[in-house]
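Fit chain B to the given chain A structure using the hints.
If you're matching them up, the sequences are chains A and B in order.
No gaps in the numbering here: position 33 of the first sequence is 33 in the working numbering, and each next residue is one more.
Each number in the working numbering comes from the position in the second sequence (counting from 1) with 1000 added on.
Since the hints were made in silico from the structure, they are not lab data.
Mixed in with the good hints, there may be bad ones.
Listed below are the simulated SDA-like cross-link pairs for lysine to any residue, each with C-alpha atoms no more than 25 Å apart in a straight line [unchecked claim]:
id, chain 1, residue 1, chain 2, residue 2
1, B, K1108, A, R393
2, B, K1151, A, D406
3, B, K1014, A, P380
4, B, K1108, A, D406
5, A, K159, A, K327
6, B, K1151, A, G160
7, B, K1165, B, L1121
8, B, K1165, A, D392
9, B, K1165, B, R1192
10, B, K1014, A, D379
11, A, K327, A, D381
12, B, K1151, A, P86
13, B, K1165, A, D381
14, B, K1165, A, F402
15, B, K1151, A, K159
16, B, K1014, A, D407
17, B, K1151, A, F402
18, B, K1127, B, K1014
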Amino acid sequence: MSSSAALRSFEALWRARTPDPLATLRGEAMRRVVADGLPTTRDESWRYTNLRMLSAQSFDDAPAPAADAAARVLSLSSLAGAGCAPSIAIVNGYPLLGDRQNQEEFADGSMEITNLRTLAARDAEALMRRFAASADSDRRRWALLNTALFIDGLHVKIKGAAAPLLIVHMSEAGRPNTAAHSRVIIDLEPGASATIIEHHIAGGEHGVLCNSAAEIALAPGAAIEHYRVFATMNSTTHFDTLDVRMAKDSRCREYTIAIGGGLVRATLEAHLDEPGAALDSQTLLAGTDARHVDCVNTAIHAARMTTSRQTARAIAGGTSRVIFNSKVIVNEGAAGADSRQSSRGLLLAPTAEIDTRPQLQIHADEVKCAHGATVGRLDPDMLFYLLSRGLDRATAQSLLVFAFLDDVLTGMSSAPARHAIETALIALLPDAELLRAFR
Amino acid sequence: MLKISNLSARVAGKTILNGVDLEVGDGEVHAIMGPNGSGKSTLAQVLAGREEYEVTGGSVTFDGRDLLALRPEERARAGLFLGFQYPVEIPGVNNVYLLKAALNAKRKAEGQPEVDAYEFLALIKRKMKFMQMSEAFLTRGVNEGFSGGEKKRNEILQMLVLEPKLAVLDETDSGLDIDALKVVANGVNSLRDANRSIVLITHYQRLLDHITPDRVHVFAAGRIQRSGDKTLALELEEHGYDRAREGRVA
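Here chain A stands alone, though its shape is the one from the complex (with noise of 0.2 Å):
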């Protein structure tokens, strides 16, 4: 495989950085992603994501944040101040904790955040096991090329029933051609439980090349409620990759929610490894204007007994296309695997483009594996009803469009979640003002 231009500079920034204790891991991950190169679309779960003119640009790191920006980047997250606290900022990568680490409002003993630097200061083989756990299995280049260059990253230990916690990852840079890779671990130990919502914005002149990555591993009969929230800009580029390890009787509900940035690729990989496992992954990729929304969503079923549910909600106008492929694989030994994929697409512009594909891998008798998708237009005796009560077009189509999504909205526990999620969409959509009277 001949090293592209990006590939190169990466490995460029690799070099160049001071070996840390985790040097022997990064530079595995890094040798690793020379091997395979970067993906292109030749590459099946890539064949929609065209990634050439990117691999043609060299990258530096996007520039460490000042020490007190985390306020002023808090304010710019929507989701901030909305009964998630406490709310924790990262800049470029750059965690910016300060001297809030371990510090009293996560004294009731439920929370401990560390920064990975600390930890791998303080335990590196602990800390190299944790990721050795969960980068072993593939060719997710973008999560390796992470473990390679991520500069710091946060460590989130749960230890019993938690308050929501916010983490805003924030990108920005005065140049163009920067890339961040930004780390999140969780943990969270047995019986322990969890809302953690992980809202990605950005800012300055141009677009940051994001690259980030988080874990979860939920030990037995732990539960979170997991959300990633892309509203970065039309100029970011943004590649996130999210591992889940599920131990017995553990529960994860992960909403993966696009409403921002110019491509966006997601990818979930849940590995339900003990019995009675249980994911409900909800996905709502809104694309607009020229925007690029590439999710794939894989759910892994290792041990017997486990349950997982994928349902997934894609507008698509403009000249947008969103992409959202999800898998079922139920290894040998997984009888009782129980499996339900949904996946409905919503057409907005002729100029638009959805492609969704819902794949099962079935390797054990007795399971239950259901799936459906469809991508459609509005439904024309739908919209003929509320224009005959006199609604404006823009109107009609922007309820229909929200009570499509509806769905995926109110499953949603976290309510301030929710609300901000409501809003950033309904700026979506044309007559935002009524639809606000309408939620």
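What follows is chain B alone, placed relative to chain A:
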């Protein structure tokens, strides 16, 4: 109120309306009766502005305006109401919010301010009680999970709130049991006044036991074949459409 002259329309290349003439005066109630497939529902849809139907000839004047030149939403705001034969379910769009938006669209067109939220809720509750509808409908999506009868009541509820000048009710009586039929008929009758006109499209005489029409028309083969007073409905009931169609055009 409404004057239809030599109206023709087709859908997917097939002519459905074939020279309809009808005049409905202020305050009048007209019943249009006819066999299945005669074009009655098409007439209702064309009047409301359904785009799938192509008007190929004729004219329609509503309240002094050229109805065919208006978009569906403009027709509604001008005071035309279509009660659908099969009201569509719209999950995710709240029933009451739709009503409020509809009422405000009409008020805006009339140069009135938006309806006060509390007044509106009180109005809705009053009308729902009159239509013997459970307040549970307040929180549901438009027609979502409603039975056939509940959907028809909901259509009449909307009509009562919007107080149109002209209501075209397309087989509002079909699928209703006797009690529901009375409730619906009461709803329609409550709206009758000297400035409001109603066109009832129906298969059956039984609705006309509860709503007395001023005129009855026999609709067949895409046009009105015969017109008369309320006794024509009884004649139809007794002898069927074929015989009635043969009668002299009144």
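Fill in: Hints violated by the structure (listed by number, smallest first)
Numbers 4, 5, 6, 11, 12, 14, 15, 16 and 18 - these are the hints that the structure violates, sorted from lowest upward.
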